[in-house]
Amino acid sequence: MSWAFEALGLARDADETQIKRAYARKLKTTRPDSDPHAFQALNEAYQTALQHAQYFSSNQEEVGDSASSVDPQENDALFPPQLLDSEASLPSAAGETAQQDVANIETPPRYFAFDAFFNELAAIARDRTESELSTWLNQHAELYELQLKAAVGDAVHDQLRRNELLFISDLHLQAIVDFFGFGIEPWLMERRHALQVIADERTLSYGELDRKPLRELKRPFQWPRALFMAMRPTFVAKTARLASLLHMDLNGWPSPLNREQSQFYCQLADPGYFGRWRFAVNGVRALIGAVAILLLLLIAAKGATEELLLTAGAWGLGLFVLFTAWNGAAWIKVKARNTMQRGNPTLQLVPCGLGVLALLLLMIPEYGAGLGGAVAAFSLLFHWQRVFQMLRFWLGAVWICGWLIERLLPTHPQSLPIIALAMIPILLTAFDALYARQHQVPLYVAAGNPWTQKASYLFLAGGFLFSFIFH
Amino acid sequence: MIVGIDLGTTNSLVGVYGGDGARLIANPLGELLTPSVVSVDEDGNVLVGRAARDRLVTAPTETVASFKRWMGTDRITRLGRKHQFRAEELSALVLRALIADAEAALGEKVSEAVISVPAYFGDAQRKATRIAGELAGIKVERLINEPTAAALSYGLQSRAEGGRFLVFDLGGGTFDVSILEMFEGVMEVHASAGDNFLGGDDFLHAARDACLRDLGIDAKQLSSSESAQLLRRLEELKRLVSMQPGEAHALELNLRGNTETWKLDEARFADICEPLVQRLRAPLERAMRDARLTPDKLDEIILVGGASRMPLTARLVSRMFGRLPLRHVSPDEAIALGAAVAAGMKVRDQKLEEVILTDICPHTLGVGTGKELEDGQIKTGIFDPIIQRNSTVPVSRVNRYFPIRDWQKQVEFNIYQGESPRVENNVLLGKISVNVPAKRCNENPVDVRFTYDINGLLQVEATVIATGQTHEVILEQNPGVLSPEEIRQRLQALSKLKVHPREQQENLSLIARAERLYEELLWARVQLQEALLRFRSALDTQENETISQHREQFSSMLDYIEAQA
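Line by line, the protein sequences give chains L and G.
Position 175 of the first sequence, counting from 1, maps to 177 under the numbering used here, and the rest follow consecutively.
Position 455 of the second sequence, counting from 1, maps to 467 under the numbering used here, and the rest follow consecutively.
Everything labelled a hint here was simulated from the structure, so no lab data went into it.
Treat each hint with caution, since some may be false.
Partial pick of chain G residues on the chain L-facing surface, computed with a CB cut under 10 Å [unchecked claim]: (1) Asp283; (2) Ile284; (3) Pro287; (4) Met300; (5) Thr306; (6) Asp361; (7) Gln362; (8) Lys363; (9) Pro406; (10) Arg452.
Idealized CB from N, CA, C, for every residue including glycine.
For reference, chain G alone in the conformation it holds in the complex:
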């Protein structure tokens, strides 16, 4: 069985393409969105999802969120005392939870998944996503770009007749813009642009900074639990302000023993986020320029991603494009649905046989070159593109290079990704050096072939024409990408890890929620303490009926308490 997965910065979803089209699969709590949060409890067991998210407040040092931002880097996160994870492993834990849900719902083994990635993800980040799948024990052959996935679900649902549309995807941690056209069953991506470090989290952090500034509190004075709590409350406030933009909303906070009140309305929020809104402009402009389109040639502008619910995004779009954007599909679910459609396309589902997707490569890829100036000096570091950005993939291109000096014995190629004409401003992906026979430089060409496949992964090949030798570059020297040996080691380490069984998820998340409320609400502590004790003893009986009875009671009580707050 093959599933589609949206591995998001804040939430992840899993979907499948079945007889009645794409549908999403709920987790044991009955929710479609599983928070991308991983936590380790006192016994060293791993928690994923909502329970882990609640533990951000109660156990901030043992819990981690937003790790998608570290994909493709060698950053290591410590959870508790014993555990150390890379972003790939944390993602693998989330993937495992999603796959377990899918297997439970489908009653079938899931062996493969199509995972969505931000269109603007580079080579290292895409490789890391694939490795995360490998660590989760599934095959990930196909990666799909998030805006493309969103357009796929949207385009197939509502615009069978085709048209051009722009997908504005503002997720928790990344921002993507893609311009697509659909005609005659072909979904063609024209251009993609984006910012890998701009998302809903940044808006939230801007609000937090403004709040702390207003209250005159230094962020360093807050305990990690307090700042996690503050972020959670602000997230709620942000949602409230986005939903009811007309009025001001107040927030009561317990910080450093004092109760503080902070008010926020939409206008103030937009003001706080002004610098971030400015950063949204450039990718939109670039995608339009690259697609060579004017706003009036676009049929729709579609907002997806949870953070696109903020009214300021719609306002920005209408100021730039002179019209209002559309939000037909639920912005959280569009990408996962699209990934599920892509999974259906991968196995050539009959209903999708007529749909063909062509995507593009969002970055320019090339090598660093040097040239000899007239006075004999050599100027190096000139970026020579081989695959231009927004080329339709799969694409394979060859450029021919010559050694700088006569009788040179070795040529080194540095492979870069980026848009700057100087290599130092671009991202180094890898190196290759090839031996060439000693000849005059203009008789000694080396062909460099870049092949960028449908999943956005790059393969580089250098051919020495004189000898006919071909060298393939292994782009794995990058510290952000794990080697096969390392993957094997991590896989063993992960298999030793104890993960709470799926059936317990509901109970665990209730306990985590109660603990979080205990931390937040001073007035309800006695009640919560008692209820927690009662529920724990019910769990100890191990009788399913007793447990479910208590669970219902406990859950409705927590709902009541939270509503009171």
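Excised from the complex, chain L in its bound form:
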């Protein structure tokens, strides 16, 4: 702020007249047509200082007027706030007396009943055509007066933000916007669309034919019901997608959707979530599985009830572990992918390092093969999207390494597939790095580059030839 006053050569408490005088003086040497750059800087200083002085003086007036509870931002507005209340008074400038010098005529204060006006506006917007609405608005004699119209327009805009009037058609809304001349923000239109979709339960524009997901989202959250609904195939994914799209368009405003419901579905649909609802859903699934097994056993085989229960219980437990392991793997995958995409250069080398570690572990006499195999398999999770490249590298590596091992380490023929497995991340990283170096891009972008692709085919062909010639 003070830079502006300094640029004009004024003290910070300069008033409007002083600012204007200083600006005029400076303009004599800094003309807009001869020095555009200096002029722009001077003009910016002038505008800033002027705004500050005006804001400051209007603020002081307000304090003097005892309206201390009003937000200072509001004071900057051009209209006294009390105009907005219904039945507020305002000075009149009647259209009928146009031929006289109305500025000199003292007229008694008139009242504008905003609530009644707004109710009628809403009724007309609902029941009549948009041209009738425009005509009705244009005919409002009081609204010719600028100050009143601006105040009423602000109040109407306010109601719009508070969801009133959002039910009317686009054309009607446009008529109101055109008349009052306030801009309507795009987010408000998106929000309006989303609200309409929720009210009509027509989710087709969000790519959803079924009404059930939306109805479910509007319902209050009850965990038994939610868990039951989550058992239905594809329901969670559909509902979560709809909920996230709707929330995006509602722009974080209070919505008619139940917050807990949408949170529940969105969490379940997110593979990166591994919390209590995941366990609960898996538990219910396992229970259903166990009951089904029990029923099958009861029908198919006869035996001691206790034994059947135990078998079913074991199956249930097994299913639970299986589901949870599956979700856990997905969770690890997401975490790993996120790490990869963040583009941390040292983290890029983790799979390669794991491959080297696996090769080292193979040296351990007894458990080497098992440990090395596990580490190598884990390292492959990072590149899970490049399955076919990995397969080609693996086959090539098996053939080439097979030949090498036969010659160099004849004592370890059983660890050949594991060596080849550990070679995959090393080879992938090596070729990626070559490509990245040549093209000067970071390593994580090199995934799926043509060089590594060609290299994998060469490896496959080369390995095949190798084994063919030397065997």
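Please build the complex by placing chain G on the supplied structure of chain L, with the hints as guidance.
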């Protein structure tokens, strides 16, 4: 020598700033207003001004008016069989006539002009106006906004002590509102708004439509000559009604062989024009909102432009602002006088050395952008403003943009003018695409600089930060703007055109007027026929004395006949 020109939709004027301030220069007919009408006669010669306006009735297919509305478009007008003109060329012909008048009056070569344009003119229209000047053979460095010009002439004349005023400029074809403040010799424009397709012509057309509806005539049944005649008569009626609003005025028309009578009073006229009056409201409201002023903070409301003479404009202003507007200066001449003052300021005339004018850019200018949504889809067509409307000019602003995708090789910017947050509702001014090195998107910024100069012309520059390369956008791909090559061609075509010499203007316009009256007034045809023959034979003698003698007689006779009608 530098002159100021008001290139209007219906009339154009030329003025100059001299020792005794700004003054206007009359055309050979002794009138300050030269109608912006161009006509081509049977011999292929070009007529401009009053003579051409009279030919709107007698030769409607060879005559054109109101072409200012087509500035900045590629619309081509055919005149007669041989000639085709764009709006720039027609304007150039009018400019040539005005400059010839100025040169005759000043006895000096005019090399440069300041031309006034509606404040709400966009980029293409401003460029077209400059090109019109180029085609007329003069340098047009400075364009001045019409309301600013009006305020300049008004403010310097009558309010030396300063104040805030609103200029309501309703011309023949355009409507402009500007809010200005004058203090300490600074004329500062706060806000401008307007409607480029609303003017006196529209009020006239509304009256014509109502008239034809009342008489039960389909507009398509009228010949082009008849409809031109009808418009001319209605224009007279409109003026009459505006001047004497108390009483009803009748109009007698010869249409399709019948004589019809139509009555109009002010109340009926206001009723007919109600939808147009409603359209005047929005720009006024917006200018007030943008200037952040309440009506009581305004010192004056000034009406300029010929169409502001209609009482309904004053009524609208008083209903909206709670006071009556002022009309000190002649509403037709204020803009031209202001343009002349601006011309004086351009050459830094000593008396004007103390006056400094700062204007604004009436439109928001920006580029179209896209953003990636959370689900990975890309939403395009979002308008991102770089220069906000009502910024003081000259102004230069930079915004930084990033490619949407990593490793993108090319970025395209579309440049728009308008107020809508969606680009499809705004005006496309041009395109630029720049090559960027393949990098991650957040490391690959492109700076776009918009520079809007004092004449309202936009320059765009894109700088790729990574390479330091700067691309300048040529905003001339717009079909509404001529390229330099095209300008050269048109200039050659125009130079081949035969234009009636200035000295003959008076005679020509008398003949055109007589021909127009012949068409309109059935009862006077014999007299007019004879008088025309006599005058033509006098012209053939080529003796100046005989001609001027006959001219006086002829002219007073035409005056008499017109008064009878």
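Status of the hints after comparison with the structure:
1. Taking 10 Å as the C-beta cut-off, the interface hint given for Asp283/G is violated, the closest approach to chain L being about 13 Å.
2. Of the supplied interface hints, the one on Ile284/G is violated, with its beta-carbon coming no nearer than about 15 Å to a beta-carbon of chain L, more than 10 Å.
3. A cut of 10 Å between beta carbons decides the hint on Pro287/G: the least distance to chain L is about 9 Å, and the hint holds.
4. Among the interface hints, the one on Met300/G holds; its C-beta lies about 6 Å from the nearest C-beta in chain L, closer than the 10 Å criterion.
5. Look at Thr306/G: its Cβ gets to within about 5 Å of chain L, closer than 10 Å, so that hint holds up.
6. At about 14 Å, the closest approach between the beta carbon of Asp361/G and any beta carbon in chain L exceeds 10 Å, and the interface hint on this residue is violated.
7. A distance limit of 10 Å between C-beta atoms decides the matter here; for Gln362/G the minimum to chain L is near 14 Å, and the interface restraint is violated.
8. Against a cut-off of 10 Å between C-beta atoms, the interface hint on Lys363/G is violated, since the closest Cβ of chain L lies about 15 Å away.
9. For Pro406/G, the shortest C-beta to C-beta distance to chain L is roughly 4 Å, which falls under 10 Å, so the interface hint holds.
10. At about 8 Å, the closest approach between the beta carbon of Arg452/G and any beta carbon in chain L falls short of 10 Å, and the interface hint on this residue holds.
Checked against the numbered hints given earlier, this structure breaks hints 1, 2, 6, 7 and 8; the rest are met.
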